[in-house]
Amino acid sequence: MTQVSDAPARTRAQISERTLRKDRWWQAPVVVVTLLTIWLTYATVRVFTGHWYYVPKYHYLTPFYSPCVSGECVPGSSTLGHWIPAIPPIIPYAFVSLVFVLGFRLTCYYYRRAYYRAFWQSPPSCAVREPHAKYTGETRFPLIMQNLHRYFFYVVIVISVLNTWDVAQAFRGPDGNFGFGLGSLIMLANVVLLWCYTLSCHSCRHITGGRLKHFSRHPIRYWAWTKVSWLNARHMQLAWTTLGTLMLTDLYIMLVASGAISDLRFFN
Amino acid sequence: MSSTEIERHSYDVVVIGAGGSGLRAAIEARARGKKTAIISKSLFGKAHTVMAEGGAAAAMGNVNPNDNWQVHFRDTMRGGKFLNNPRMAELHAKEAPDRVWELEAWGALFDRTKDGKISQRNFGGHEYPRLAHVGDRTGLEMIRTLQQRVVALQQADSAELGDPEAMIRVFAETTITRLVKDGTGAPRIAGAFGYFRDTGRFVLFEAPTVVLATGGIGRTFKVTSNSWEYSGDGHALALLAGADLINMEFVQFHPTGMVWPPSVRGILVTESVRGDGGVLRNSEGNRFMFDYVPDVFRAQYAETEEEADRWYTDPDHNRRPPELLPRDEVARSINSEIKAGRGSPHGGVFLDIASRRPAEEILRRLPSMYHQFIELADVDITKQPMEIGPTCHYVMGGVEVDPDTAATDVPGLFAAGEVSGGMHGSNRLGGNSLSDLLVFGKRAGEGAAEYVDSLSGPRPAASAASVDAAVAEALAPLERAEGENPYTVHGELQQTMNDLVGLIRRETEVKQALTELEKFRERAARVSVPGGRAYNPGWHVALDLRNMLLVAECVAQAALERQESRGGHTREDYPAMSAEWRKVNLVCALTGDTVSLTRKPLPAMRLDLLALFETAELKKYMTEEELAGIAPPSAPSADAVSEEGH
Amino acid sequence: MGYMAALKVWRGDAGSGALTDYKVEVNEGEVVLDVLHRLQATQAGDLALRWNCKAGKCGSCSMEINGRPRLGCMTRMSTFDPADTLTITPMRTFPVIRDLVTDVSFNYAKARSIPSFTPDPSIKPGEFRMQQEDVNRSQEFRKCIECYLCQNTCHVIRDHAENEAPFAGPRFLMRVAELEMHPCDEADRRDIAQDDFGLGYCNITKCCTEVCPEHIKITDNALIPLKERVAGHKYDPLVWLGSKISRRPAKAGTPAVPGKR
Ligand SMILES: Cc1cc2nc3c(=O)[nH]c(=O)nc-3n(C[C@H](O)[C@H](O)[C@H](O)COP(=O)(O)OP(=O)(O)OC[C@H]3O[C@@H](n4cnc5c(N)ncnc54)[C@H](O)[C@@H]3O)c2cc1C
Ligand code: SF4
Ligand code: SF4
Ligand code: FES
Ligand code: FES
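Protein chains in written order, with the working numbering: chain A, 1 to 268; chain B, 1001 to 1646; chain C, 2001 to 2261.
Just chain A, with the same shape it has in the complex (with noise of 0.2 Å):
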């Protein structure tokens, strides 16, 4: 403590060293890094490339196409109808919704804890010294706008709605009756985990019951924060299996339309 009004200037141990950690901290940047590298190049193609989206047969629609709502859109392909006129093909079909989909995971608490540390190294791990001279945080412009993430979610429950409808779509066989194959139960794992994902949000959280003061004069809420809580704990898993699923979902609904290989129909 400094009481000793005349103590000499104190300053901190001059230790050169960017960091003295002897284990391998800079792994886990690098795997982020590659991981999201990897993804992000696979879903730009996929968002550009504009056909194998949907199969008409089994209603199959990959996520990153919908809602869609272009004018270029395969007909049956959106349940909103294609309000839009054909857009040049630089746009994605679907921007109404990757707009807000990509948003509000760039705006996930998660993920900017994932591309601050691995792209922007600040801090690359903990007690490693970071390469910036200056630092002010998410207290200015741009980055003060992650604070919008609550207004990503409210919209993305809404294209979750529609995700789901996706699904229920795919449970119909090419008659238009019940029928399922396993694009339908990838669609329907796909959806599944997106929700948990959606809901595990930490803007979910706080809307739930978390800016509530009294749990106790508001059960129901409580009891809706104790789940989203125990979800929430789960966020960062779900983040990235829900990337994997949505690879997943695109791929498989890509093979089949574009014929290179055929659905596996367990029913109609």
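Treat the hints loosely; a few may be bogus.
What the hints assert, rightly or not - Calculated lysine to aspartate or glutamate pairs in the EDC-like style (CA-CA distance at most 20 Å, straight line):
1) LYS1114/B - GLU2127/C
2) LYS2110/C - ASP2196/C
3) LYS2143/C - GLU1361/B
4) LYS1222/B - GLU1518/B
5) LYS1114/B - GLU2133/C
6) LYS1117/B - GLU2133/C
7) LYS2124/C - GLU2186/C
8) LYS22/A - GLU2186/C
9) LYS213/A - GLU2133/C
10) LYS1620/B - GLU1165/B
11) LYS2110/C - ASP1404/B
12) LYS57/A - ASP175/A
13) LYS1117/B - GLU2140/C
14) LYS1619/B - GLU1564/B
Calculated from the structure, these hints are not laboratory results.
Please build the complex by placing chains B and C with the ligands on the supplied structure of chain A, with the hints as guidance.
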């Protein structure tokens, strides 16, 4: 910076110690308009109180409405084997609930009952669930709340006076080595002298009152739950200033300290483990405590395992398990089991909660015990039993004070908390310390403030000679070129006290200890330390040796003198409790360089307090004459009332 | 079972310092603090270090062991390879006093800047009623032993000393969260959390959580919920609109920041 330059500060009240009692005293003194300093050897918020686990005893009756101050008073007296200062025990039992509630108003978050009140838990020696607690980190909650209360007061002063430290200031990492007295006139307190640990600079606090709240003496023993801070500084400072210590023979050995691995030997395993259902077993798997219930407690404790187990859920119709006997009884029983060869592999006995409670309940109620064992001993207490054995934990003895004002015999000197004596008699009940800190901390703050108000004329001034002597004394170990390593002396002193004046005492051994102490004093006078004054732990240990040796001397002398076994003092050669000895307090004082011991009658209990006990119970403790004296239940005798105060 | 461990301990003071080599005996079951104590008792009597409880309860023995911020008393020697050299340095973020002891007064100054518990003045001591589920959240934060390892590790100040003024650090933002969630506190610290205590500097990279010896979920349970509360209050027009329409009684308002000029 010249080596003897001294920084000076002037205060109304100087509180030495930033634990529960010190902070509570300072808050009170500040509330009464006194400019107050809080001094602490460690950082603010790290004092020993932070380590208390189980809880603070206060008869709030939240869990069992039958509880009230009378029951708490009775339990405290029984726990202390009727050697307590009855007035202190009374004040403590009466005021503890208010002091705990006050903490809540300052932001403390205790565990709750269903109806939203402070939850209370069972503990050894307490008839009803009585300990307000937060999991097993109650002391942390208490010290943080008091710390934050001090901060709140500083914020108020900042808003009002422009300086947060205008009225109350914390001097952390500052050690007091001497109390200084008035150079002129009557021998009253004039301040405290010490050094800043970070720079080694000297400091003199000029103040008419000093409140000692320095805690205990455990560092004098090898196996202890106490930290380096517990070198008995307050006890020694009081002796050196001319105050008396009482009951120093009573040192509490907590029955459950860790025994393995060696480096953690002594670290406490909270009594809540037993309060929450844990049982003690020997290597043969027996719950041996049933064999050790002493006669005085026979009526209150279960005789069969079945009855004991029923008590946890139905305490009104069953008697308590013997694991919850007062600490001295349990510690002695464990010691006997180990001696009889029924100990655990590492020289303790087993404390088992794993087989008695579901894992998730253990995790919820004893999280830091789980943490402590898994991290330090690789033992999962939800699956395996713990190995435990007695560890030096608390000193019942301490500075003799007036119960109502916490004043010592030296004008201007006050004491509260573990450093004061009398409240707990020969043995402290678990949970009674935290409440003691609050009750008597507040009273000490009050007493000090009133003393300041009562002063007239010029304030006492520190005599230059005593300050010079204090400087010389502090510099000595640094100035000796050749000498012994203070760590070695300290280590051997701890071993000696542990071996010769430990849990079980014998005349020959205590005598031997006194001879050894003589030699230690000579060695301590010759220690030298390398390095300078800035944050030099070797120097700090060297200076603490004086205090530990004074305290050890008092403990050993009193242990030799008291020829009976009672509470925290067990004489193998005098195993029985003696009603004659109950009437006696042993008083330790310092004349010149010599520690001396005198006998003093124990303050008598008022008749209305005596009436709280059945005569049959009093018979177990008191002499025939005493009992005869209280026979007529009406008409309190005049001298019993007059002794009420002190 | 004992062996001789090779240690590099940072020794020095504000002026200068360097890693110094030692060989110290290690026995079964020991923690780093034990080994440092042995070093102190046998070879380096003036080695400065802090400790109190030796049981992870007081938060005194914070240091960096092989570059990782840890409590010396809770780091077992058995977690290291006996053949490796152990590097022990003081916390980097705080000015060093001597050897492993740092000047942590920054933290005490921050503690004093957070407006204290503000209950309804009409509730008397003894009349507080709170349900367990309402105190659980704040109780988690009150497990904090103030070891300041989180403050030390947070890159906002560790790597950018200039942020020490605007940023209170995880420990004290958590204190704000604790009071915000305290069922009997009436003050509203949301604005000042952002404007005066620098909540926006935190980029939720979770190093505070990673090093906390009490395993408090600082980021998930205190900082992010606090960010959400601030977002709801300062950046959410829906909430703003809602509060205009329903005209609920406002909270006791934002207290002044103590000591702010
Ligand atoms: C592990 C453990 C668990 C416990 N559990 C419980 C429990 O559950 N319930 C219960 O009631 N009790 C418990 N106790 C006992 C209780 O914690 C202590 O008796 C009590 O905290 C003592 O408080 P205090 O205010 O007297 O002193 P402390 O809190 O010990 O404070 C002493 C202060 O004095 C300062 N000081 C000492 N010497 C000097 C000096 N020379 N100069 C300047 N400052 C000095 C120290 O720095 C420190 O700030 C426990 C004790 C231990 C060790
Ligand atoms: S999560 Fe925030 S407060 Fe915690 S270390 Fe990271 S930047 Fe600092
Ligand atoms: S929050 Fe954890 S890391 Fe930070 S000071 Fe408290 S105990 Fe230490
Ligand atoms: S989606 Fe990750 S926090 Fe909201
Ligand atoms: S010594 Fe108390 S936490 Fe390490």
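| Hints broken by the structure, by number, lowest first? | Numbers 8, 10, 11, in rising order.
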